[in-house]
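A.B. asks: Just remember that the numbering used here sits 3 ahead of the position in the sequence shown, which is counted from 1.
None of these hints come from the bench; they were simulated from the model. As the structure is a prediction and not an experimental result, all values here were calculated from the model. Every residue, glycine too, gets a C-beta built ideally from N, C-alpha and C. Warning: the hint list may mix true and false statements.
What the hints assert, rightly or not - Pairwise CB distance ranges, derived in the manner of DEER restraints:
#1 Arg118 - Thr165: 32 to 38 Å
#2 Gln140 - Asp61: 34 to 40 Å
#3 Asp144 - Leu179: 19 to 25 Å
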Amino acid sequence: MGEVKSKSSIPASKGLSRAKAIILIMLFIGPLLSAFLWYYGLNAKLVPGQINNSPLVDPPVTLKDFSNPKHGDVPITLADLKRKWTIVHIVNQRCDQDCETFLYNTRQVRLAVGRDANRIARVIMIEDPELIKWMRQDHPDAALIMAADNGIEDQLDSVIKTLEHGSKHALLIDPLGNVMMAIPNDLPPKLLLKDLKKLLKLSRIG
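The whole structure should be built from the sequences, with the hints applied where relevant.
C.D. replies: Shown next, in the form of structure tokens:
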């Protein structure tokens, strides 16, 4: 009689490689899954010690591809936003004192994050060309964009309309292209900083 073969046809080396691959995948998606459960599933307000100060966009809105020309630069698209956590401001015809203060606050909060500041981007959509020079001087870290037929503002408008005093909010977009948080213009900077630090700590994407 021939030799009876083992039921297991997977060599030990292949099994070990598969185990390593699973561990690597879990190391990547584990923090992301935690962040999504906290914000999208469990709701941060219901988790002890985890309270978000900015209202969540519920359900989060997944952006479709768009293209907005930059002032004096190449267009910005959805692919650009997917690289980082992005704060988007929409400045209409003018920027009053509240608007200026809000832009200043998000700029300073981004810097206050410290070594993770490069994981956060700022985008400002400006309709008034007279504001460009001032914006470039005071907000060199931000991408300055114009409205477009296939622009991001068309998709953000539906979110803004659901918010109380929506036009005075900025919106936070995660690195996967989801609009997931609204930032009120009167939110104290220290509270926004807490929200961003929690997100960056929970998620290692972007």
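A.B. asks: For every hint, state whether the structure bears it out.
C.D. replies: Results of checking the hints against the structure:
Look at Arg118 against Thr165: about 35 Å separates their beta carbons, and that is inside 32 to 38 Å. The hint said 34 to 40 Å for the Cβ distance between Gln140 and Asp61, and at roughly 37 Å that hint holds. Between Asp144 and Leu179 the Cβ separation comes to about 22 Å, which falls inside the hinted range of 19 to 25 Å.
Violated hints for the displayed structure: none, as all numbered hints are satisfied.
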